[in-house]
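Asker: Please model the entire structure based on the sequences and the hints provided.
In the UniProt record's numbering, the protein residues as written are 1 to 325.
Just so you know, these hints were derived from the structure itself, not from any lab. Hints are not guaranteed to be accurate.
Stated by the list, open to error - Simulated pairs of lysine to aspartate or glutamate, DMTMM-like, Cα-Cα distance not exceeding 25 Å:
hint, residue 1, residue 2
1, LYS254, GLU312
2, LYS254, ASP194
3, LYS243, GLU181
4, LYS243, ASP204
5, LYS254, GLU198
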Amino acid sequence: MRAITIPEPGGPDALVWSEVPDPEPGPGEVVVDVRASAVNRADLLQRQGHYPPPAGAPAYPGLECSGVISATAPDVTEWRVGQEVCALLAGGGYAERVAVPAGQLLPVPAGVDLVDAAALPEVACTVWSNVVRLAGLSAGETLLVHGGGSGIGTFAVQLGVALGATVVVTARSAKHGRLRELGAAHPVDYREQDFVAEVRRVTDGRGADVILDIMGASYLGRNVSALATGGRLVIIGMQGGRKGELDIGALLAKRGTVAATALRSRPLAEKAAIVQGVRAQVWPLVESGTIRPIVDRRLPMTEAAQAHRLVETNDHVGKVLLTVG
1 MRAITIPEPG
11 GPDALVWSEV
21 PDPEPGPGEV
31 VVDVRASAVN
41 RADLLQRQGH
51 YPPPAGAPAY
61 PGLECSGVIS
71 ATAPDVTEWR
81 VGQEVCALLA
91 GGGYAERVAV
101 PAGQLLPVPA
111 GVDLVDAAAL
121 PEVACTVWSN
131 VVRLAGLSAG
141 ETLLVHGGGS
151 GIGTFAVQLG
161 VALGATVVVT
171 ARSAKHGRLR
181 ELGAAHPVDY
191 REQDFVAEVR
201 RVTDGRGADV
211 ILDIMGASYL
221 GRNVSALATG
231 GRLVIIGMQG
241 GRKGELDIGA
251 LLAKRGTVAA
261 TALRSRPLAE
271 KAAIVQGVRA
281 QVWPLVESGT
291 IRPIVDRRLP
301 MTEAAQAHRL
311 VETNDHVGKV
321 LLTVG
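Answerer: This is the structure in structure tokens:
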């Protein structure tokens with residue numbers, strides 16, 4: 001088969017469409033003939049040599065895919081050859097085929113195009129596991145989402161609204177109209193506005209109950225300031241650096257919680273539990289049209305370098321997909 005390889009770390013042109021060995025399903029696995037994958041920030045870091053795949057994962061980028069099952073291990077009984085699926089991956093989505101643990105498969109939701117389904121697994125699992133499972137967002141609360149125009153951001157806005165929360169989101173002003181269409185009540189231009197002041201303004205001084213943060217260090221102090229009493233800050237990225245100063249006194253005064261999580265490196269059993277939670281609680285929202293995959297554009301897998309350049313500009317809204325065939 002062919003896959004995007006990275007012979008040497010570097011810029012987008014380090015991505016090479018190459019001949020590689022075909023995958024075989026190991027115990028508890030299926031092989032998926034890939035129709036599409038999606039570009040995630042982790043793929044850019046891997047290309048640059050900063051985020052190697054976990055032990056045992058394919059060396060190729062790609063944290064999610066959609067496609068058709070072409071082979072199953074003898075011990076896999078829930079899935080069959082010919083089923084259309086999407087999958088959460090530890091790597092390997094930028095390829096014509098990928099072997100996937102059966103516990104990380106999801107059926108393509110009714111009403112969703114097979115290619116567009118590739119935009120769902122990683123964002124759905126990341127957002128649900130952090131905003132719902134960990135932070136416990138509930139109806140009537142306020143959710144602050146940073147990076148609102150990203151795949152994670154556009155999904156978090158929709159899930160927050162579906163749960164009955166008021167959603168405040170930071171993004172460039174050019175993206176505000178689209179985010180309002182998705183249900184964001186209060187878009188904030190992080191380049192021109194103080195998001196702490198805006199959160200306090202729209203909550204009558206109370207603050208955000210849950211904050212989903214992709215920035216890390218550069219936002220740490222301001223995120224604590226933006227928390228409501230009893231608020232929960234969940235950090236899932238380090239685009240603003242990895243080391244910051246935390247005012248413990250301010251956190252104590254708010255009885256706040258700070259958590260940091262990663263999805264890719266979790267054990268298989270934990271990923272399978274998250275996938276099952278998403279299937280039970282999120283997939284009905286997708287099938288009803290309450291939540292939908294937000295796709296900025298589709299590009300052929302052979303144009304992965306151009307897709308990475310696009311994501312690096314931050315000009316997209318939602319996911320950039322890479323298609324096969």
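Asker: Are the hints correct? Go through all of them and say.
Answerer: Each hint tested on the structure:
{"no.": "1", "hint": "LYS254 / GLU312", "in the structure": "violated, 36 Å"}
{"no.": "2", "hint": "LYS254 / ASP194", "in the structure": "holds, 20 Å"}
{"no.": "3", "hint": "LYS243 / GLU181", "in the structure": "violated, 35 Å"}
{"no.": "4", "hint": "LYS243 / ASP204", "in the structure": "violated, 31 Å"}
{"no.": "5", "hint": "LYS254 / GLU198", "in the structure": "holds, 18 Å"}
Hints 1, 3, 4 from the earlier list are contradicted by this structure; the remaining hints agree with it.
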